[in-house]
Amino acid sequence: MITAEQKPLQEILGYIAPYEKILVVGCNECVTVCAAGGRKEVGLLSSAIRLNSAKAGKKIEVLEHTLERQCDPEYVDQLAELAGQVDAVVSLACGCGIQTVASQYPIPVFPGVNTKFMGASESQGIWAERCMGCGDCMLGITGGICPIARCSKSIMNGPCGGSVNGKCEISPDVDCAWQLIWDRLVELGLQDRYEELVAAKDWRPAGGGGPRKIIREDLASSKIITEDNA
Amino acid sequence: MDNFEPEIVAFCCHYCGYTAADMAGTRRISYPSNVKIIRVPCTGKVDAIHLMKALEKGADGVYIAACLEGDCHFKDGNLRAVAHVEKIKKTLEDLGWEPERVAMMNFSAAMGQQFAQAAEEFTEKIKALGPSPASQATSKAV
Amino acid sequence: MKTESRLEKVLASGQLAVTSEVGPPRGCNIDIVKEKANMIKDHVDGINITDNQTAMVRMSSIAAGVALKQMGLDPIIQMVSRDRNRLAMQADILGAYALGCNTMLCLSGDHPQFGDHPMAKPVYDIDSINMIKMVKDMRDEAKFQGGADITEPPKMFIGAAANPFADPFELRVMRLAKKVAAGVDFIQTQCIFNTAKFEEWMKQVVDRGLDEKVAILAGITPMKSLGMAKYMKSKVPGMDIPDEVIDRLAGVDKDKQAEEGIKMAIEQMQRLKECKGVKGFHIMAIEWEEKVPELVEGAGLSPRPKV
Amino acid sequence: MQKIKQDEKRVLVIGGGVGGIKAALDLSESRKKVLLIDSDYAIGGLMTQLDRTFPTNNCDLCTVSPHLSAASREKFLEVSTMTELTSLSGEAGNFTATLKTAPRFIDIDKCTACGECLKKFPEAVRFNPGLDPRAPTCMRYPQATPYAYSIDMEKVDDVEALKAVCKAGAIIPDDTEQETQINVASVVLSVGAEMFDPSVLDNYGGGKFDNVLPGLEYERIMSASGPFQGNLVRKSDQQRPKKVAWIQCVGSRGINVDDVPYCSSVCCMYALKEAIVTKERFGDDIETTIFYMDMRTSGKDYEQYFNRAKEDFGIRLIRCKPHTVIELPDKSLEITYAREELSAMEKEEFDMVVLSTGFRPSQKTIDLAGAIGIDLNEHNFAKSGTIDPVTTSKDGVYVCGVFESPKDIPETMVQASAAASLAGMTLDSEEWVNEPVSLYPPQRDVDGEAPKIGFFVVDCDGEIDQALDIDKILENAKTNPDVAVAEAFKLSCSFEAMEKIEGLIKEHNLNRVVIGSGSPRIQESMFQDMLRRAGLNPYLLELVNLRDQNAWVHNDAPAKSLEKAFRLVQMGISGVRKAKPLTENMLPTSQNALVVGGGVTGMTSALELADQGTLTYLVEKAPVLGGQALNLSQTIEGDDVAAFVKGLVDKVSAHENIKVFTDAVVAEHTGVPGKFTTGIKTGADSACEQIDHGVTILATGAKPNRPAVYGLGELDNVMTQLDLDAVLENDESKIKAMEQVVMIQCAGSREADNPNCSRICCQAAVKNALRLLEVNPDIEVFVLYRDMRTYGFWEDYYKTARDKGVKFIRFDLEHRPVVREEAGKTIVRAHDFILGQDIEIEADCVALSTGFVADADTNNELCSLFHLPKTEDGFFLEDHVKLKPVDMALHGFFLAGTAHSPKVIRESITQAHAVAGRARTMLANKEITLGAAYATVDPVMCAVCLICVRACPYDVPFINNERHSEIDPAKCRGCGICAAECPAKAIQLRAWEDDQIIAKIDGLFERYN
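Residue numbers (full-length UniProt numbering), protein chains in the order written: chain A, 1 to 230; chain B, 1 to 142; chain C, 1 to 307; chain D, 1 to 1009.
Take the hints with a grain of salt, since some may be wrong.
To spell it out: a stretch of chain C is covered by chain A in this simulated footprint if at least three of its residues, at any positions, have a beta carbon under 8 Å from a beta carbon of chain A; those stretches are [as the list claims (entries may be wrong)]:
hint, region
1, 155-168
2, 172-178
3, 210-221
4, 272-281
Straight-line C-alpha distance at most 27 Å; calculated BS3-like pairs for lysine-lysine [what the hints assert, rightly or not]:
hint, chain 1, residue 1, chain 2, residue 2
5, A, 55, B, 89
6, B, 125, A, 116
7, D, 155, D, 110
On the chain A side, residues computed to face chain D include the following (Cβ under 10 Å) [as the list claims (entries may be wrong)]:
hint, residue
8, 34
9, 36
10, 40
11, 41
12, 65
13, 66
14, 68
15, 119
16, 123
Rather than coming from a laboratory, the hints here were simulated on the basis of the structure. Small disclaimer: the values here were computed from a predicted structure and weren't measured. Cβ coordinates follow ideal geometry from the N, Cα and C atoms, glycine included.
Next comes chain A alone, as it looks inside the complex (with noise of 0.2 Å):
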């Protein structure tokens, strides 16, 4: 899932301060699921905007949405009308829907949250980078567990000496993946292939080649859209 938390307040304010009428618009996809811009996010970010424009002496009108999925033009086309209505958007999507929200429509809009990484809750209300979308996943050699986005040095061929008691040299709180890595091959008997060298990594596929972009030419083919909606 994408993470992301909210942005801090100030910085919010800042970006709307010149406009009177603003739409939070909240996404019930991934941010709802990390509590950062759902419904809930959208009410207290919203609440918050009031309690602002109060204090600033000032009128602010805010309107709340949220939408299924912001990353998708459908659902976002569902703006249409409350976006004709307001001088500007604050989305809590993510930095896709924030895109998307700001491709449709023709005012300005605002980032409400940073989006973090891919990760996956470890526990109620914690949630930890598991992915960085290199493109050319190496789970399958590192025992299940990425070296990539889980290294503070992604280094390929670890830990380095910075490794002490499993954890990372950066922090206690951080977990040494290579001795992450290491455990994991011991408890599947693959040791053996922890002294294959890893090659350098081919950074083209996570993004090292310019933006990425997936084409499915079975979905994508126009001319199977054209024989559905005909």
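Once you have looked at the hints, place chains B, C and D on chain A.
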């Protein structure tokens, strides 16, 4: 400002906070009429949004009155309430409001006296803080 | 001989090698580097020039290294993969070699989190092992990473670091093996205080026959004071400082602690000279370079051979 | 006309006061048929004449039994007023009762209580007991006495004119007396007593001087339904008095010809209450003075009431019984009295004098006892069991309330429940059927209707009206366009009010109701039931707590209080607009009971439940059953406690329906009322045995106090009364060797760290003093006391002790006794107020009356396990101190014995019966409603994030096959935590939905005035 009468909303749980308030009544222990109570089944039910809404609508102070810690009838609802209060305190701080406008309190059902005293103290504290920006705005609007 | 490196020559002669290091200044005064190097030049076979050590910005290691080279000394250029991607590193290796630097150390580098630029983007395009391989490919295959040929390849003597005290311990020898497989020529270890543990590690290295393939220089750091020992024990990650080190320093008067520290380092070197597989010492006298001659002499490693 | 059904066997409850009503309700709630008769023309008894009752200072009687719907009440409970028992034949389980019903001359089925007859024929039409027939203040149970009008035909001159006045045609001039014979399984006597008429005394001017009046009449004057509409004025000149005096023990605790020797138990508290209310309502500047002998505030937390009276209200207390009252020319009164410490007589002028008179059995009850064939005691009260106080000398006839002995409302309520429980044992419960379906009218579908709101202020006890301008509140509510009706019911009993509201709901086709009244915690189910009867879903209701959280707590700021009332009402109106009709879940109850505590109380409850077929688990922490009673040899009445306990233990151990766990504790607890699962841990076993039960009775007792005072634990001769009891029982030779014994009362009680009275100690001291004298008549016993609290008939023993030479020496906190050892002798130094100097007594034994303190460890553990509230001093807290003294706030939990507060064995046993009865009321209804407040998930909004799944304290939500969270209503406890945590706001807790809460906030801040 001398005559400032703050608006205070207290979310009280059915089992403890509200009962303590009733107990103050039964014993005729007076507390400021500024405090208006909204009953909830458990303070864990009090959404952070409700605290914000109360402030938005014009409350100068809001507090949650829950069971004593460890005595929640729903295990840990009161601890969740603490977290909600803390979150809103942080938001208020970010907004440049006094975070003291939001508070968490705990009472047992029998603590009528303490309920009244806490209501009094909270009211005094909010009086000292003065009207909230929102309530000022609301009264200006009228 | 793979290279022109003086270190390689000393090692090839079968004598114990001694290296030490100099940290470049956080400014443009190159004289600082020169002064420090002058203090130790007669007692070492090579001088490491650190590369943005502890992720703090300092004068470029290559630039400082070139200055030493111009003094006729033998710099060992440290290079961390933290700050450069493959392009930059290869370019710098070409440049350094062109200016006379023929020995280098491949490191991943401390994470920027530690230094004075925590906001910098950590590069880590490749890890230290792949960096070793890259330098070796440049030298022996005359290939860039992209596959193109190098017309005049850099003949670098390739070093790397090893920390026998990091976790998991069972991986420490295996990882060394990976470095060997990648083509490393010599290893400078992390400072050793737990000599017994180092010896255990060395035994495993020898058992695997790795000491035949790579020259291991034991890392030596003299303790300046009890305070330093305590600080390193509690605050510096990856340091293994046994209680007897602390106790021994604590057992002498405060003004005698430095002296005791030097004594301990010398004793340690004398002990490790006997350790199979140890091909020399890398002395890291942190901000205490003037003591290097005393240490080298004390350990009976002076004078340095002329090669 | 009232026609008593004759075809079925029932429990007959005689007396329609609070005790009788409570007994009848308990029985009907247990699905047992019951007939309640009263010779008066309306039920309600004495309580209806009181202005307010201590210690809550209000009425609230309508809330006695909110769990019983009025509908099922009607099914089992029949009430017949103006009816008396003339004879009782047969035997327990199968009596024949002959009843005589006097003519009412009104067909109450037709009477609409319009009051026209009363207006035209005020002399002949009876309506309200007390000084003034202006307004009905009493409660009445609608089915039998919807409106308690009756006619005194002898006073009617023109029958036809009277008939003509009644548009309903309800006048029956030829109504006659009727005699009925019914089959009765058992009888509960709750006939109360009369208040003593002080006019027979010649020294206080009762009945002679205008401004001298008995306590009850003072209450009528203060009552809003009284002769001066609640305005406190002197009868002589209608002026507000500035100085009011109370004289205690008028006619009680005396030796004069018109006196009775016993103590009436309630007068101290009611005098304090009257003084407090006087100050509260009529101004702090009124000086209130109470002349008393001993302040007997020994009930649960009563001492604190007394302390508040002194400290917070500044009530003046003078310890002495005045000599005379004389009337001065201006009708003021001069009291002559002599303080204990001053020998000289003092004279002081007062504007009003209230005589605190006590209870006297009436000739009628004496006659009734004769007709039934039960014995009376020497004071003409029912002779009741010394250990089992609700039993009489006749099998199958039970007694409760004041007729048993003088007592207050809470104790009457306990005895009523106890008597009902015992009386109901011989009668089977009626079968369970689903009553909501069969008894209520179908619910009107209000879906799609715009809100049409009725706003009603129900102010039965006048408490709201005293503090707030109700008319203004109504006016304000009416400014809402969707408020179709706004009415107040002042000073009319809530039952009457509810019937009228029912009518208004139907008449105006209301679809939402807002009630301004007392606390919803107490009243909600009562008003919900009213909506059901009116054909509305009970959740279309919002209660505004105008009384407990407004009228009672802001009397220092009336204007602000009224403003707050406007706002609270607006909050209710705004909230009710969002209310939705909801259905309730029913859950079959477990029929087993858990009794925690195997002392006398727990064993008695367990036996009573087990005898009625309830499988009862009895858990005792100690290795043996018996509890504190094991340390006591005899009661003041002389019962052999050890033998009694042994009998109980034998019966309990042998009972097939009782499973005893000794050396065991409650370790785990889950479930909902009616369906609990509790883990019992025995001995050192780590495993828990899990038991299912529908009700839980807490009878965990209290701990004998052993405070480190007066040398206890240090000096050899200093011991507690319990220690002395053991010496008396086991070592008479030691007693025979004693010459002087000193007892010190209130050791560790009524002190700053333990402000309450331990209740049992005064009688314990008297008991042990008498026993000492019995063993060794030469012994000199000194009792150092603060107030001798030998309430009720224990006064007899106190008098006997004095007569036998026991010396009672008073002390106060400024003059505490000092115990020291000197040259091997134990010396007690005390202050003698009469001599005005210190005295020293050499004691062979110093017995401290240390009483009981809460068993803090046990109570804390159980409270946290069961989530039950405690009092400040660590005892369990009952649901309602006065009206529900043995029920706990958490449904399904009941409380008895010293775990409730310190008390003697017979009082504990009474509570044991009472809780068994209360538990039966719950078990008899095989299903329990779980309410409608459960969480629901909107599948479309649900983001399947699992936050609810993780947040629920009971692991109820799960992700279903349709890919959204689902919450099983039968498992949901209704806390709403999931709803608050849900980041998609896809979860709503029914009855507490977000839009309802936000609507309330909106309403609160709507500034419309």
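Taking the hints in turn, this is what the structure says about them:
Note: the region 155-168 of chain C has 6 residues with beta-carbon separation from chain A under 8 Å; the three-residue rule is met and the coverage holds. Evaluation of the coverage hint for the region 172-178 of chain C: fulfilled, as 4 residues show C-beta separations to chain A shorter than 8 Å, against a requirement of three. For the region 210-221 of chain C, the assignment as covered by chain A is violated, since 0 residues bring a beta-carbon within under 8 Å of that chain's beta-carbons and 3 are needed. Check on the region 272-281 of chain C: 0 of its residues sit with their Cβ under 8 Å from a Cβ of chain A, so the three-residue criterion for coverage is violated.
Of the supplied pair hints, the one linking residue 55 of chain A and residue 89 of chain B holds, its CA atoms being roughly 16 Å apart against a limit of 27 Å. Of the supplied pair hints, the one linking residue 125 of chain B and residue 116 of chain A is violated, its CA atoms being roughly 39 Å apart against a limit of 27 Å. A distance of roughly 22 Å separates the Cα atoms of residue 155 of chain D and residue 110 of chain D; the hinted pair therefore holds under the 27 Å criterion. Because the closest C-beta pair between residue 34 of chain A and chain D is about 8 Å apart, less than 10 Å, the hint holds.
Among the interface hints, the one on residue 36 of chain A holds; its C-beta lies about 8 Å from the nearest C-beta in chain D, closer than the 10 Å criterion. Interface restraint check: residue 40 of chain A against chain D, minimum CB-CB distance 5 Å, threshold 10 Å, status holds. The interface hint given for residue 41 of chain A holds, since its Cβ lies 7 Å from the closest Cβ of chain D, which is under the 10 Å cut-off. This hint is violated: residue 65 of chain A has a C-beta 12 Å from the nearest C-beta of chain D, more than the 10 Å allowed.
Of the supplied interface hints, the one on residue 66 of chain A holds, with its beta-carbon coming within about 8 Å of a beta-carbon of chain D, less than 10 Å. For residue 68 of chain A, the suggested interface contact is upheld, since its CB lies about 9 Å from the closest CB of chain D, less than 10 Å. The interface hint given for residue 119 of chain A is broken, as the beta carbon of that residue sits about 14 Å from the closest beta carbon of chain D, more than 10 Å. Restraint check, residue 123 of chain A versus chain D: the minimum CB separation of about 8 Å is within 10 Å; hint holds.
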